[in-house]
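J.: The primary structure of each chain is shown beneath.
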Amino acid sequence: DTEVTQTPKHLVMGMTNKKSLKCEQHMGHRAMYWYKQKAKKPPELMFVYSYEKLSINESVPSRFSPECPNSSLLNLHLHALQPEDSALYLCASSLDSGISYEQYFGPGTRLTVT
Amino acid sequence: EDQVTQSPEALRLQEGESSSLNCSYTVSGLRGLFWYRQDPGKGPEFLFTLYSAGEEKEKERLKATLTKKESFLHITAPKPEDSATYLCAVPPYSGGYNKLIFGAGTRLAVHP
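Protein sequences, first through last, are from chains G and Z.
With the first letter of the first sequence counted as 1, position 25 gets the number 25 in the numbering used here; the numbers rise by one all the way through.
Positions in the second sequence are counted from 1; adding 114 to them yields the numbering used here.
Hints are computed from structural coordinates only; laboratory data are not their basis.
Yeah, the Cβ is synthetic: ideal placement off N, Cα and C, and Gly gets one too.
Please note that a few of the clues may not be correct.
[What the hints assert, rightly or not] Within a straight-line C-alpha distance of at most 30 angstroms, the following computed DSS-like cross-link-like pairs (lysine-lysine) qualify:
no., chain 1, residue 1, chain 2, residue 2
1, Z, 193, G, 38
2, G, 36, G, 19
3, G, 38, Z, 177
4, G, 19, Z, 193
5, Z, 183, G, 19
6, Z, 183, G, 18
7, G, 9, G, 41
[Stated by the list, open to error] What follows is a set of in silico ranges between Cβ atoms, one per label pair, in the way DEER data are often shown:
no., chain 1, residue 1, chain 2, residue 2, range
8, Z, 153, G, 27, 18 to 28 angstroms
9, G, 41, Z, 169, 21 to 31 angstroms
10, G, 62, Z, 193, 14 to 24 angstroms
11, G, 79, Z, 132, 26 to 36 angstroms
12, Z, 169, G, 14, 48 to 58 angstroms
[Unchecked claim] Sample of chain Z residues facing chain G (criterion: CB under 8 angstroms; computed from the structure):
no., residue
13, 142
14, 167
15, 173
16, 218
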């Protein structure tokens with residue numbers, strides 16, 4: 001089973017709201033990722049967690065706050081977002097964080113900021 | 115600079131009309147090349163990993179090949195359900211983490 005689940009599927013939020021995206025995998029993977037994808041563009045890496053520790057932050061604005069409560073769960077806390085943050089947010093996981101491990105993606109959360 | 119370029123940007127095929135998608139890469143040392151399929155509004159679906167020149171992998175109507183400079187995704191007798199965006203990605207040469215460099219993708223439309 002190579003399933004990564006994400007909730008919610010869709011989210012509409014105002015610029016003053018606080019919301020969270022959730023990602024879960026039960027494949028025993030020790031690396032988890034957040035990506036942002038705009039229409040007709042490839043995914044852009046935001047954060048990498050390796051063994052529940054933040055390994056990479058691709059200079060993401062502080063209004064995005066990741067959290068990895070345990071090895072199966074990854075959250076992305078959102079606060080004071082801008083309309084340009086509207087996008088498909090993808091979670092992925094891989095067996096380990098070393099190079100050459102394939103990443104498995106979830107279905108994504110479509111976020112609209114009004 | 116590590117880079118991935120995919121061509122064509124878009125491809126329209128008739129059902130049964132075989133073709134190939136191209137992924138050219140420039141990295142100092144290839145540590146794997148990944149192919150994904152992405153349907154509109156969904157997350158990318160992993161297809162193949164290729165590690166060394168000459169390697170080939172197949173899945174149903176898809177066959178991926180790798181040379182020292184590029185990879186091809188051959189689609190044999192495609193069906194409408196093969197319509198999707200196909201992405202290729204490579205890890206950068208430097209860095210210990212699996213940060214993928216994605217190409218812009220090829221949007222494939224297969225018509226009955």
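J.: If a hint holds in the structure, say so; if it doesn't, say that too.
T.: Against the structure, the hints come out as follows:
1. In summary, the hint linking residue 193/Z to residue 38/G is supported, as the alpha carbons are separated by about 27 angstroms, within the 30 angstroms threshold.
2. Distance restraint check for residue 36/G and residue 19/G: the Cα-Cα separation of roughly 16 angstroms lies within the 30 angstroms cut-off, and the hinted pair is therefore satisfied.
3. A distance of roughly 28 angstroms separates the Cα atoms of residue 38/G and residue 177/Z; the hinted pair therefore holds under the 30 angstroms criterion.
4. A hinted pair counts as satisfied when its Cα atoms are at most 30 angstroms apart, and residue 19/G with residue 193/Z does not qualify at roughly 41 angstroms.
5. A hinted pair counts as satisfied when its Cα atoms are at most 30 angstroms apart, and residue 183/Z with residue 19/G does not qualify at roughly 44 angstroms.
6. Note on residue 183/Z and residue 18/G: the hinted pairing is violated, with a Cα-Cα distance of about 46 angstroms set against a maximum of 30 angstroms.
7. With a CA separation close to 19 angstroms, the supplied pair residue 9/G and residue 41/G stays within the 30 angstroms bound.
8. Taking the beta carbon of each, residue 153/Z and residue 27/G are about 21 angstroms apart, inside 18 to 28 angstroms as hinted.
9. Under the hint 21 to 31 angstroms, the C-beta atoms of residue 41/G and residue 169/Z, about 29 angstroms apart, fit the expected range.
10. Between residue 62/G and residue 193/Z the Cβ separation comes to about 46 angstroms, which falls outside the hinted range of 14 to 24 angstroms.
11. Residue 79/G and residue 132/Z have their C-beta atoms about 50 angstroms apart, which leaves the hinted 26 to 36 angstroms range violated.
12. As the Cβ distance of residue 169/Z to residue 14/G is approximately 50 angstroms, the hint placing it in 48 to 58 angstroms holds.
13. At its closest, the beta carbon of residue 142/Z sits 12 angstroms from a beta carbon of chain G; the interface hint therefore is violated under the 8 angstroms criterion.
14. A least Cβ separation of about 15 angstroms between residue 167/Z and chain G goes past the 8 angstroms threshold, and the interface hint is therefore violated.
15. Checking residue 173/Z against chain G by beta carbon gives a least distance of about 14 angstroms; that is not within 8 angstroms, so the hint is violated.
16. Taken as an interface hint, residue 218/Z checks out: its beta carbon lies about 6 angstroms from the nearest beta carbon of chain G, inside 8 angstroms.
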